[in-house]
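So the protein sequences, as listed, match chains A and B.
The opening residue of the first sequence carries number 1 in our numbering; numbering runs sequentially from there.
The opening residue of the second sequence carries number 204 in our numbering; numbering runs sequentially from there.
Please keep in mind that the hints were generated in silico from the structure rather than gathered at the bench.
One or more of the hints may lead you astray.
To be verified - DSSO-like, lysine-lysine: derived pairs with alpha carbons at most 27 Å apart:
1) 17/A to 226/B
2) 220/B to 24/A
3) 60/A to 162/A
4) 77/A to 168/A
5) 24/A to 371/B
6) 23/A to 305/B
7) 35/A to 263/B
8) 209/B to 60/A
9) 371/B to 35/A
10) 6/A to 305/B
11) 209/B to 102/A
12) 220/B to 366/B
13) 305/B to 24/A
Protein chains: 2
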Amino acid sequence: MDFPSKLIESAVEEVAKLPGIGKKTALRLVLHLLKRDEEQTQRLAETLQAMRTNVTYCRKCHNLSDEELCSICANRKRDASLICVVEDIRDVLAIENTAQFKGLYHVLGGIISPVEGIGPSDLHIDSLVERLRSDESEQVREVILALSPTMEGDTTAFYLQKKLRPFKVKISTIARGVPIGGDLEYADEVTLGRSILSRIAYE
Amino acid sequence: MDFPSKLIESAVEEVAKLPGIGKKTALRLVLHLLKRDEEQTQRLAETLQAMRTNVTYCRKCHNLSDEELCSICANRKRDASLICVVEDIRDVLAIENTAQFKGLYHVLGGIISPVEGIGPSDLHIDSLVERLRSDESEQVREVILALSPTMEGDTTAFYLQKKLRPFKVKISTIARGVPIGGDLEYADEVTLGRSILSRIAYE
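Same shape as in the complex, but just chain A:
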């Protein structure tokens, strides 16, 4: 595209660097900003800069945080005997939205994936081991592995389980099976097969 304005052109180029946004969408967004108050663009630019400069990672669970200790780790009402291990911050948000978990988290920052060249040393696994080792009052009772039910997720879970075995903690994974509200006939064979093998007693 041949833009009549260099300013527009560079703005479109920068916006189009974002994932899932092509040149046409970028132009639409830029023209939208031009139609709105100058203040809105100002605010967008400023919050993005402030976010990128000031957001940090919790020194305990590696969750994104504004402080050295994130609001979840700092909350004394949360159950410190449970640690839920997740891949990234989006999983924390997803689990928080269920309102079913009151423990703490540990964000790995990724998942073991030989294909993408991500090994255990690239993840926050050592700090999880350290968290359990330094837990002298044996406060932690259970580590829940909440990883995606994929090959990579299973590999990571297997690796973690081996690393955590020396400690006196229960290790569990989130339940896998047919999704609630889903029609049985549309469930894939692997999921359905596994849900039969790992059936649970009816209460």
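Following the hints, put chain B in place on chain A, whose structure we already have.
Frame of chain A, contents of chain B only:
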């Protein structure tokens, strides 16, 4: 969603104000920026601000421009005897991409639409009339109406044609008919009917 970081929360909120971007997409974009260099966010924010603050409109054709006169109006190689009237800057880009038009433009900045409360006075119609009136050397020979073939486009074209009749210029509209490469059986009846009525001599 309950964010662990206020900085992330406000960034997501601002990004989600853009059209077609929901909260989940906004979060994905914000997390993407966090993974990339701080410099990228900086550049994105700065180009957006520079664009919003400095982009202006060409005083002649109302196209977006960095200068008082846009690069198309300022280009002496363009054919000043042709003026192509379009709805907005995206149409200018679309026509420029065809590389078939070497004249000048006039951007209306919208289209007459009683439903949305947009009347002729909200558009740059007076300045088009003024452009023709001040054209003392009778340089302009033809005004091409390149408006969308919709009810609003047709209304605007009709209004313009009435306004421009007093001047000694040819008025034309872009051809309407079956799109090139399209299968005839899939063309809608109105388009196909019109393309039969306004058939052209085979050369």
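Okay, the hints, checked on the actual structure:
{"no.": "1", "hint": "17/A to 226/B", "verdict": "holds, 19 Å"}
{"no.": "2", "hint": "220/B to 24/A", "verdict": "holds, 18 Å"}
{"no.": "3", "hint": "60/A to 162/A", "verdict": "holds, 22 Å"}
{"no.": "4", "hint": "77/A to 168/A", "verdict": "holds, 24 Å"}
{"no.": "5", "hint": "24/A to 371/B", "verdict": "violated, 38 Å"}
{"no.": "6", "hint": "23/A to 305/B", "verdict": "holds, 24 Å"}
{"no.": "7", "hint": "35/A to 263/B", "verdict": "holds, 20 Å"}
{"no.": "8", "hint": "209/B to 60/A", "verdict": "holds, 19 Å"}
{"no.": "9", "hint": "371/B to 35/A", "verdict": "violated, 35 Å"}
{"no.": "10", "hint": "6/A to 305/B", "verdict": "holds, 20 Å"}
{"no.": "11", "hint": "209/B to 102/A", "verdict": "holds, 20 Å"}
{"no.": "12", "hint": "220/B to 366/B", "verdict": "violated, 39 Å"}
{"no.": "13", "hint": "305/B to 24/A", "verdict": "holds, 23 Å"}
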